[in-house]
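2 protein chains.
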Amino acid sequence: MAAKDYLAEERRNPAFDLHAMTNLIYGGPEKAEKWKELSRLVAADPVFRKDDKYHLSRPEAFKRALEKVKQAYKRVHELGLDAADSRLFRVLVDELQGSDLHHGMFIPTIEGQGTEEQKAKWLPLANSYAILGCYAQTEMGHGSNVQGLETTADYDITTQEFVINSPTLTSTKWWPGGLGKFSTHAVVFARLRTKGADHGVHPFIVQLRSLDDHRSLPGITVGDIGTKFGLGAYFTVDNGLLRLDHVRVPRDQLLMRYAKVSPDGTYSKPPHAKLAYGAMVYVRAGIVEGAGHYLAKAVTIATRYNAVRRQFGGKVGLETQIIEYKTQQHRLFPLLASAYAFTFTGKWMRKLYTEVIDQLNRGDVSGLPEVHASTAGLKALTTSFTADGIEECRKLCGGNGYLMASGLPDLYCAYVPACTYEGDNYILFLQVARYLMKVASQLANGEKPSGAAQYLGDAQRLCSVQCPAKSAADFLRPEVQLEALSARAARLVIGNGMRIQGAKNFEKAIADSAVEMVRMSRAHCQQIVVSKFIEQVQGDIEGRGVRDQLVLLCNLYAVSQIEANLGDLLEVGYLKPKQASWVHEALAELLIQVRPQAVNLVDAFSFSNHYLGSALGRYDGDVYTDLYARAWKEPLNSTDVVDGYTEHLRPLIKQQVWPVHSRL
Amino acid sequence: MAAKDYLAEERRNPAFDLHAMTNLIYGGPEKAEKWKELSRLVAADPVFRKDDKYHLSRPEAFKRALEKVKQAYKRVHELGLDAADSRLFRVLVDELQGSDLHHGMFIPTIEGQGTEEQKAKWLPLANSYAILGCYAQTEMGHGSNVQGLETTADYDITTQEFVINSPTLTSTKWWPGGLGKFSTHAVVFARLRTKGADHGVHPFIVQLRSLDDHRSLPGITVGDIGTKFGLGAYFTVDNGLLRLDHVRVPRDQLLMRYAKVSPDGTYSKPPHAKLAYGAMVYVRAGIVEGAGHYLAKAVTIATRYNAVRRQFGGKVGLETQIIEYKTQQHRLFPLLASAYAFTFTGKWMRKLYTEVIDQLNRGDVSGLPEVHASTAGLKALTTSFTADGIEECRKLCGGNGYLMASGLPDLYCAYVPACTYEGDNYILFLQVARYLMKVASQLANGEKPSGAAQYLGDAQRLCSVQCPAKSAADFLRPEVQLEALSARAARLVIGNGMRIQGAKNFEKAIADSAVEMVRMSRAHCQQIVVSKFIEQVQGDIEGRGVRDQLVLLCNLYAVSQIEANLGDLLEVGYLKPKQASWVHEALAELLIQVRPQAVNLVDAFSFSNHYLGSALGRYDGDVYTDLYARAWKEPLNSTDVVDGYTEHLRPLIKQQVWPVHSRL
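Quick mapping for you: the protein sequence lines, in order, are chains A and B. For the first sequence, full-length UniProt numbering assigns the number 1 to the initial residue and increments by one for each residue that follows. For the second sequence, full-length UniProt numbering assigns the number 1 to the initial residue and increments by one for each residue that follows.
No lab work stands behind these hints: they were computed from the structure. Keep in mind that the hints are not guaranteed to be accurate.
Because identical chains cannot be distinguished in the list, a pair is counted as satisfied if it fits within a single copy or across any two copies.
Simulated crosslink set (DSSO-like; lysine-lysine; CA at most 27 Å straight-line) [as the list claims (entries may be wrong)]:
id, residue 1, residue 2
1, Lys34, Lys50
2, Lys578, Lys470
3, Lys347, Lys4
4, Lys4, Lys50
5, Lys508, Lys448
6, Lys74, Lys63
7, Lys504, Lys578
Isolated chain A (complex conformation):
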């Protein structure tokens, strides 16, 4: 007998072809099928079960995670998955672990910065897990400022070795994932010194632990830095500390694709290579697509629960679904639209990556500053928004969102570091600002910006035009939306440009008006997301009703962003107060239109119950049965009378601690 679908009513009459939407999201029917197939395989494997996830002490949880690493390695090989599908498989296992850094940082660093010889030696070892590695860059006193790292690597010409050392407490490597307990090796970043000269920070392969018994090697002090935010999330990652006491590594463990040290200690470095740009765009595209994906997970849970949960407005069982409440819709549906928007922005960035590679191959580096700036900004914009959005989804689930069983606290804690790693978001926005300030000065010289900043070529018009909207309905026109966001960004760029231009010290001027700079950069990036979403919605889209839904979501994303930034739009003089009220009206109308398809629109992401890991987000909506069953698995419930009663509670109740009252 099929279980009851508590969301059946929501799923009646989908206005669009869900399969076609899923195909679009995952990049084609084959990829979508692979996603579903691997989802099923992972969910069916008892090693990957998640029901014990929040019941383990940290050492127990860490051990369980290692079991999953082993099983994932085994299954990936049994199934003969290629690199991309292996990555999917590990995503679906949904357990953060040291191996993430092995795959995500250690191997790519060797691939990117090793010579052919070094790659031939180290990559087979790493790919077969004969060695396990991590990326040891940040230090206790030095996070964002890589050039400030203190670890030293002195070249000893007599033995042709580097002597790597941690001279101070603040030079202790601090935070690298997988460093504490998991890795046998690390790429360690240290100041290369040879023949009395400091050549700055370079990467060295350093062995940390014995390959025979995993014990840390002489001169190596390595350990975990302690528990982090949340119970699930990074509980299972051994972010580590590392101190090196004059540890010697052979000369050829400096990764020498670019800078080299010859046996006699001579340092050489080719002219600055731009090749790393391609990899950077690729990584950032993944992060932005990931933002859409993780936001979609949170929105799926919140949307389904909001459709199941009833409160007020009727008799028991007939109360109003909380998804009907306007305040809930106003908070939730723009997040749904954002999940789609970021997914499409990520797709555009993947295309941008191939374009950049083409340009580099042709020796054309003219577009790189723009690509660097816009991808940095999009990483910052989407990760910050997604982190906040996941937490908002948790709040939208009321008290039960606070339970680990909702899956949402874990999702937030697992996601929020994305605002810090691969570039702190505020620092990235300031990089965007530097680029935009250069654009402003170039515009004065008649130069036109390229790529996603092209619209700024039209700055003169954008700075003088008024919003043409004459009704709420006008805000549903993409050209009206785009002009609004473009005009806002352009006016902030030109305004700041005029302010900065006169300044004697460019960097100081940027720093002094950093608040304005961030506001401007954010505006620029919001313009990009909306323009790319509009472009793609206007392209070829297959499947019944799919385009209509995407147009609706694109409108919702754009208008919700306009509403959230009405202050700017009014302040720069582009909108009139009356028009602002139409924006509210337009958004209210869009919320009404999205409501009937909300559950279908999250279903299209095709997340399995296993992957969501949420009693509130279950596909069938049977949330209360699930919550109740999960509660009884809590270790505190393993006995009726809790451990500690005899020692602490009983003496209190029996008036033995401070006798005040005669017994009952």
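Starting from the known structure of chain A, arrange chain B on it as the hints suggest.
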């Protein structure tokens, strides 16, 4: 030898008398001294140490918390503390526990709703811990909607007992703190039914567990609902589930101060009593003051760490303190000002409480609707802002804010439920909205609102006047600030009032424009906080320089709120775009002024290192030594080679799982 003070430079030349400020915060020199004395006592007691806090499994953590409950009870009696100081003592122990609900909900409910006889019987038992109680109201399917509760209490006239029953899964009591494992008794809310009539939800005292062995009694199914957000925080609270299978309690365990059931089953109820209003104002005053207090904890940690942490802008050791960065200041200092603002708002509410009690004693209930609305709104405003503010402080500490050792993840997870309990914040804002809509219609009839809503009596002028500011400096004038926030609120109230007035169905009209309603209510409450802060800053204030600092903080709070709501102020037509730019300027100038006193201003809250529980927030700023030492206490570091290596990692490294590569 005294340890080095890494913040000594920040503490040179305080511009104000810190002791006088501390006295003001805690309500006089005696209370401030008591706070400091109890802080020292708690910190010195090894039972209350917190260094094992994040290293325990949930059952271990729960047992440790019980140990602290026992020790707190003992020490409170040994020290002969009165009720208020006992509460302070438990706050300083800083461990959430079932006993919080015993003191915070179980005892007050009996005090408030019990007859004299019932109080004489139950209170001595509860006060001496001979029984331990909780407050079992919410059910799985029913959180905010108390009238929808399903648990039934049928009066059996033959035995003069109530038969209490959980008829459905959704009627399971769900969430009450202390219910799962700690409590022997509960106040259970159930639908009172007698002589075939359902009289709605009433409170009953129900025994859950044996006083001899703590085992759950026949008919009682009780347990913990499972782990919640975070590792510390509510880890140690046994939020519980409860199912009652026709459990019988004597008639006199219905709390009968108001509604009564006579032995023959006759139900009687006095005309609606307003007496509960006083208690409600008192509780909400505590919550608002608590918002200031907990925000101050987070701001203390973030401010000290931001003054210690250096990044970019110079050589190692001479890099720029991150507190100098404008984006950090723009995020952090308004939170510092808010901590002070909420502290003073709470103080004003305490005074309001005594006024309300006076009015009730005089039989004057005319002011109650306004008091009900404004206190509900202030609870919603300050708790939401504080939860977000704590998380912002965590983000302001970069990567290290993500460590449990920073104390900030725990603070957030412990605080954020305040947005849900004692009234969901969105629902509270809608209550404020209903009141404001009545004010709008009364204004049309020439009636003037009272209390904190008095300014709306001037709505006509506020709706037509333009902001008089002619420069950034004008925004530092309290009358300019206050008029801006008043005009914004008044225009939203009048605008919404006109829209709602014509509606056939008041409730439906409120629901349909709930988004606007919440915006309006928030605006009203922000006006109140600023006006009360201004009033108190203008009153008697002792101590060198204290008033100047408070004026500065009051300006900062007001201007930052104006900046955060420029969209509204422009949209309602009160501000002109040029004036908006002056607001940014005014705020930038205030940030510069606050900077030199930032550390002194957080020091004035006088939080001990024990109470803060943060390596980043230590008084002496020696954060790196502390972080390093804490890391080595992590259980994962108890062995060099981690548990699980032999079973899972070794087979991988030794190529036994899927032999691919010959051994190194």
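Each hint, compared with the structure:
no.	hint	result
1	Lys34 - Lys50	within (22 Å within a copy, 48 Å between copies)
2	Lys578 - Lys470	both (9 Å within a copy, 24 Å between copies)
3	Lys347 - Lys4	neither (37 Å within a copy, 53 Å between copies)
4	Lys4 - Lys50	within (23 Å within a copy, 47 Å between copies)
5	Lys508 - Lys448	within (26 Å within a copy, 53 Å between copies)
6	Lys74 - Lys63	within (17 Å within a copy, 40 Å between copies)
7	Lys504 - Lys578	between (41 Å within a copy, 26 Å between copies)
Comparing the model with each numbered hint stated earlier shows that hint 3 is the single one that does not hold.
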